[in-house]
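Colleague: With chain A fixed as given, assemble chains B and C onto it according to the hints.
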Amino acid sequence: MAEAHPVGFRWVAKAQERGATVIHVDPRYSRTSAMADLHVPIRAGTDIAFIGGLIHHVIETESYFREYVLHYTNAATLVSEEFQDTEDLGGVFSGFDPGTRTYDQSSWMYDGGDIAASAGTREHATMAFDEHTGAGMDEGALKRDLTLQHPRCVFQVLKRHYSRYTPEMVEQVCGIPPHLFHQVADVLVRNSGREKTAALCYAVGWTQHTTGVQMIRAGAILQLLLGNIGRPGGGIVALRGHATIQGASDIPTLYDLLPGYLHMPRAREGELTLKEYIGSGGVDRGWWSHFDQYIVSLLKAWFGDAATAGNDYGFAHLPKISGNHAHFPTMLRAIDGGLDGLLCMGQNPAVGSQNAGLMRRALANLKWLVVRDLAEVESATFWRDSPEVVSGELRTEEIETEVFLMPAASHVEKEGSFTNTQRLVQWRDKALDPPGDARSELWFLYHLIRRVKEHYAGSPEPRDWPILNVTWDYPEHGELREPSAEAIVKEINGYEVETGAPVPGFAELKADGSTACGCWIYSGIYADGVNQARRREPGDLDAPGGWVSPEWAWAWPANRRLLYNRASADPDGRPWSERKRYVWWDEAQGRWVGYDVPDYPVDKRPDYRAPPDGGRGMDAISGDQPFIMMGDGVGWLYSPSGLLDGPMPTFYEPIESPVANALYSGVDFNPVALRWDRPDNPYEEPGTERYPVVATTFRLTEQHTSGAMSRNLPWLAELQPEMFAELDPDLAAQRGIEDGGWMVIATPRAEIEARAKVTVRMRPLRLGERVVHQIALPWHWGYAGGVVGDIANDLIVLSGDPNVTIEDSKSFACDVRAGRRERAPTAPLAGMPHGHCAPDQDHPAEEPNLHP
Amino acid sequence: MSIPHAAPTEIAIHRPGAQRMGFFTDTTTCIGCKACEVACKQWNDLPADGSVFRKGGSYDHTGSLSANTWRHVRFVETLQPEGGPTLPSIPPTQGQHDWDLRDPGSWLFMSDVCKHCTNAGCLDACPTGALIRTEFETVVLQPDICNGCGYCIPSCPFGVVDRDHDDGRAAKCTLCYDRLEDGLEPACAKACPTDSIQFGPYEELVDRAQRRVTRLHEKGRSSAYLYGAGDAPGEELAGGLGAFFLLTEAPERYGLPAQAQSPEQENLVPATLAGVGAGILAAVGVAAAMAFGRRR
Amino acid sequence: MPSPGSRGSRPRSFAALRDLPLIGRVADWGMGPSSASRRTRRAGARIAGLKVTESICPFCAVGCGQVVYTRDGELVDIEGNPRSPINQGTLCPKGSASRQLVQQPGRLTKVRYRAPRATEWQELDLEVAMDMIAQRVIDAREHGWQDIDHHGHRVDRTLGFAHLGGATLDYEENYLIKKGFTAMGAVQIENQARI
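Protein chains in written order, with numbering that gives the first Met the number 0: chain A, 0 to 851; chain B, 0 to 295; chain C, 0 to 194.
Everything labelled a hint here was simulated from the structure, so no lab data went into it.
A few of these clues could be false.
Stated by the list, open to error - Okay, derived cross-link-like pairs now, DSSO-like style, lysine-lysine, Cα gap no bigger than 30 Å in a straight line: (1) K158(A) with K142(A); (2) K50(C) with K452(A); (3) K195(A) with K509(A); (4) K579(A) with K218(B); (5) K274(A) with K509(A); (6) K50(C) with K429(A); (7) K13(A) with K195(A); (8) K218(B) with K195(A); (9) K158(A) with K195(A); (10) K50(C) with K109(C); (11) K579(A) with K13(A); (12) K54(B) with K13(A); (13) K366(A) with K109(C); (14) K109(C) with K429(A); (15) K50(C) with K489(A).
This is chain A alone, in the form it adopts within the complex (with noise of 0.2 Å):
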């Protein structure tokens, strides 16, 4: 946190200052580490196994909070009766098949429950609403037993789940001595209950993994053990890397939501419709219950006076996703042939995403590419400096692919918002203009689709309806004929149809079409007409709760800055502590309030109960059930539905490992993780010989993601000039590789060059009578801007989570040998058979896994 978010670190700090413990869990010693109370040196991608030590630690010495995890979490709910453990099939769960390498879901349930709409759905990565929050459970007939004891329930079944994740195998596993995890395990449940709380941070150390979401999942379970969810100083907290990551998931730039989550229509029988998909999506207990008020709003905010009741809204007109449309999957289409044309906009896959050999020779396959950047980066010059074209393997005079390279605004010359880490909406105004041709997206945008428009006018063809009638009179100003921001701001907010008068929130939308919204999650940011994103009141910092500042800038939902924050009172509605005091119930006032603005119905009591009958909608939500968003109200220790690799999140070797999984013997790596078995794309076997240094990527503090914002800034290349990877010195004495020497990292994807950094900030790791080895690479070097070096995502394989294709990034297994590299870093791909795909089918690619 230091070394990537270093402003951040600054609150770390402070809490340090004011008697806060602070562990840091890394396999390299960094600025962080540094200034830690406690570095605990761990195994990449071993995580699950050291969180479920944890989570088994908390359990056996009964160190959870009992109150919180017996009213706030599933632990009482019965599972079941036909659900079976990893522990009992030996590394995979009831309902797996191994001809597709998929389970079927349906044995995880509730006992008693059952999901309505996507029963036996086996499909990879097309994260869709129903698979990740439990929509359309019906769970009116659930057991629970309050004692926690029966065997069933979920706590005895996490318990069980858990038991071989004892000390000793931590050690095994992730190369942490007992003593040290002892030492964590002390410090989080010292620090969690009633008067204290934890957080776990977390950035992509966590999430690039083909284990990735359950990497996340384990740290939820063990906060929600402790606790630690809903409650100020909490929490599971996610430092993003750039600047609007989370606004662009948000309003996704993804191939398989829609904005605010909602999941794009899908391909396949029962989903054909209107009705069909909000009966896919929607779901009649807790808040998704006003699912069909946001689609049907979307639908009116994009096709306007077009969008009626009598055509659905236009829902069929919508594109419709089948197999996995990802960004590798979608880049093997195009080294295949079915792929004409290609728009980058501040992106640089040519150094930025894995398998870069691979992506570069995608780019070379396309008709046309497009890249808008503030200068030349990779992605735009790979036809004449790229590797492939230096070594000879690609000529220029022969790369087909026509490009684009359009001069983009920089953040001071347009305005418009970033939505930060903490999910807070920051309005940006413009300062100057943009120099000489350089625009902004929204300009690009804008006009793209208007010169669209009107090629496509009058066409009677059905499938050109969706571009003759989707609103795009969005106001221009100034002589560059810039669209208004604003006025996308008030879309996206929301509107009456018949007055144009901005919603004040999502509460106020409706199913009927007489309101529009571009994203029912933003809705209120543009309340009473004003641009909530733009205030900036920080507050009194120093008075009781005020470093809320909730009014600087404004966070979705509703400007709530803690998720779920009813869980910071009892059930009862009191404050847990005073120190802990953040949303509580007001008796005289009858209603919810405290520093925040409370993320539940505010005059729903705390002793109001659901219905017999379990009721409807948010009717169904008890007064005593924080998490509102699931249909049973409370956090899941246990996921009945939504992943598709498991209800528990267990542990697996990643995807390439030196390491045999110890856990599980022959199970290595995740069952169902996403594969591309194909020649330019090789995979080595689990537990390999070859390969037997464990790597692992990372950020420094003064370089940028693949260095397009940073390498070309002399101020912030002189402070990172080259490339280098970091070995221990054992590693280094074994194959004579000396401190500021060159070395080369060597994968069966290509070999790279580095300077070495022999430091013993880096420590071989001892799992029972066998040491592994670890480096770590920064992966900020091109072959474009002010400092050049190797490309380190040139070395890793693509590979994918099946829940949102999140791929093994941040560990992967490679050797080092001193000297430096003799031919193209990539050679070994060069030569791979190109265009097996006729481009008008669906590609293979984008049903990963079911083609070795």
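Modeller: Chains B and C in isolation, oriented as in the chain A frame:
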């Protein structure tokens, strides 16, 4: 305690209400991010020096303070087995592995800067009046006066002053004299994410720093001490540093001298004479050149 | 204020020398009031009186507030916003360097176009480039259009072109990307979130 001050006669600029200002750099809260280094270059429009990968330099690739680097973050990567308890040792080996159990100990960061000494050797050595003492008792180098003679460079016991490769003039931190004139805090102190660099009236800073040392001692960090402030009269480094530091290891570990007397202070008269002599020589030279030119 | 006579620990000989009436001035020669140059006397923050705009740092997702100073439309300085409760005026090295991001060497101001098989860039008029790109996107849409997929399911989409990017684009921009390209039937719309 008495706070050291520069000689009133040395102060070139007088403004009512001006008081001694300084930097307190607390290395225990420095995260080594180098924001100060960049913020300084940004404000003062200093070019990048360019750099190469430095062997054994930890994450420091710019090396030292220079004419274009007025804040510099030093990385002290302890490679000895002794040191802090922050990393566990691997349990004793059983079997074939026989590598030694090293412990990285600690990784220290320190943002170095011109010390704005009470007894400033550079200022004493400057023959042109380019170096002046301001109303904030800071030492500022006036580029429009400096003739690039370089006498100040060896006179600095900390090796702070450097000559610009392009124009030959000396350059160093001004403690953002221009910002101070408009009531703004120096760029580095403002940017510092963890307030490792603090700026303020000197007396307040020293007081705050001493309380900080006490607090660290209470927390068990008994090695914390102030470098350049709070010393007994007569024992102060260069008369007391306007920019002083809180350190936890010996000064040499951070590349700081344990003693800091400028050669000029030991030897004022010859230095003055040398300066005057240089001026006379230059004048003679100019006269000769003019005479020569006229003759042609 | 310096208290008269408190000269700290100047070496005694030096201090004594300085105390002498005439030689004292000589010792400080070049250091008296006359030594401050015109430039020094006029010193002041170059941002005084400039136009101030509030912005947000474009690097990581902490969301530090920035203050942008401009003179006649020229960028002069970017600093941390002291009012922001997030960063309270501070910035990391990247944030501190963000003026150089805007004014970086090689900053593009014209469209660069590389024709198929060409070995060099050529400059292109912006409007011409926009027309060409619109045509490419339209052609790709048509070329990759599917009413049904190979399973026979109705899909109403194009796989002819794709979009990648967005994590440093404004949410308003992402909205237009998603809305505009979805209306064209594109589904391969992605950003950094899962890379």
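Colleague: Tell me, in ascending order, the numbers of any earlier hints that this structure violates.
Modeller: 2, 3 and 12
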